[in-house]
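There are 2 protein chains.
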Amino acid sequence: MSHTDTGRRTSNPAGTDRSEADTRSARKRRVIMEAATTAFLRSGYLGTSMDEIAALAAVSKRTVYNHFTDKERLFTDIILTTSDQVVGELVETATLALEETDDAERDLRELARTLITAICQPEVLRLRRLVIGETDRFPELGRTYWERGFERGLATLAGKLRQLADRGLLRLEDPLLAAQQFAGMILWVPVNRVMFCGEDAAFPPAEIDRYASAGARAFLTAYGPP
Amino acid sequence: MSHTDTGRRTSNPAGTDRSEADTRSARKRRVIMEAATTAFLRSGYLGTSMDEIAALAAVSKRTVYNHFTDKERLFTDIILTTSDQVVGELVETATLALEETDDAERDLRELARTLITAICQPEVLRLRRLVIGETDRFPELGRTYWERGFERGLATLAGKLRQLADRGLLRLEDPLLAAQQFAGMILWVPVNRVMFCGEDAAFPPAEIDRYASAGARAFLTAYGPP
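Protein chains in written order, with the numbering used here: chain A, 4 to 229; chain B, 4 to 229.
For the record, the hints were derived by calculation from the structure and aren't laboratory data. Note that this is a predicted model, so its numbers are computed, not measured. Treat the hints with care, since some could be wrong.
Remember, identical chains collapse to one label, so a pair may be satisfied in a single copy or spanning two.
The calculated SDA-like cross-link candidates involving lysine to any residue, where the alpha carbons are at most 25 angstroms apart (straight line), are [said to hold, decoys possible]:
1. K31 - E103
2. K31 - P208
3. K64 - R45
4. K74 - G136
5. K31 - T51
6. K74 - S46
7. K31 - A204
8. K74 - R132
9. K74 - E37
10. K31 - A58
11. K74 - L179
Construct the entire structure; sequences and hints are all you get.
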């Protein structure tokens, strides 16, 4: 782990050689995480061994242990990296358009569509199912996933809703509560459907559009200006 | 299984003796299901054996097999009985007050409070987690749980919302969509919170009240009469 950290020290006198080693190390780390994600999603936490992960990543078992102390740490890192990605690269990007919107309904609908589509993606779903299934074994992991995924995402959305209220485009007393209601309105059915019926039951794009439109409309009727 | 079925044949010439045997058989079936529920919730599907269930129910393994063909059938029966109970005894009862309501906000708030409380109960949650975790192994089970639990519950609520619209208390084009939005608004955060953070993270009653009130208010602003 320290390899990637030191990679950011530009004052390192070893110069290029050290940087190349760091890049190689970071690349290896990424390859191991990808292999481990594949293995965990396929066989679950208990069903996956460090040997398999090493074989799948085409590295030695020692290399795996150089990067990740143990299987638990590797599992935790994967879950948290993904939840950070979902929030960092998804919610924050997807809510950007709200900042300067001149058509709140259009941009809320677009946001809804993006969120439903992303959260129902097979890989995200399988990870979600894995975390839920492992909550008893790793209570801390589920809680961190909740805080860094759900709570952070909802806080980001709440911030944008507050800006819309400041601009007179919404009337809100509690932006966080409104953000939670918006997320629930658009996600409850599509997400639970795939959680229980499997990925093949995911809504087709037209159905996602219908949900997104109806959610944005109901939300604006409830919280829009008179 | 045939024991309980024949118990309903009142024309049975064996009379009382047969009925007593049927009652005993139905009681045993219930005891086995309760023991199996405890075992499955504690150790999951794979971690539970028919031997353990028999021991926990204090019956012979043969008796277990007389009532349930195999472990899969027993597991499926438990999940479906519970989903039927949640919908039959919960959603249908909880929405009764809406039929003749003279205060839609109060009764929607009360309904929201009942639904959040019931669905966040430890036993319901653990079952939900179990079904989600076993969806790959039993795709048909997850789908049936969805249809008999979610879809039936939402259809029941949609029927009541349509009645409210007929009475001029709501303005709705699509009662099912409105029911899905109502459920999502009130359930998304409390249910996901306990799914990821565990039962200890369940909202206290005051927080449930706040969610229920806010959900009923937003829903009525969106769909109530002008």
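For each hint, the structure was consulted:
no.	hint	verdict
1	K31 - E103	neither (41 angstroms within a copy, 66 angstroms between copies)
2	K31 - P208	neither (37 angstroms within a copy, 49 angstroms between copies)
3	K64 - R45	within (20 angstroms within a copy, 34 angstroms between copies)
4	K74 - G136	both (17 angstroms within a copy, 20 angstroms between copies)
5	K31 - T51	within (19 angstroms within a copy, 40 angstroms between copies)
6	K74 - S46	both (14 angstroms within a copy, 22 angstroms between copies)
7	K31 - A204	neither (36 angstroms within a copy, 38 angstroms between copies)
8	K74 - R132	both (19 angstroms within a copy, 23 angstroms between copies)
9	K74 - E37	within (14 angstroms within a copy, 36 angstroms between copies)
10	K31 - A58	within (13 angstroms within a copy, 50 angstroms between copies)
11	K74 - L179	neither (36 angstroms within a copy, 45 angstroms between copies)
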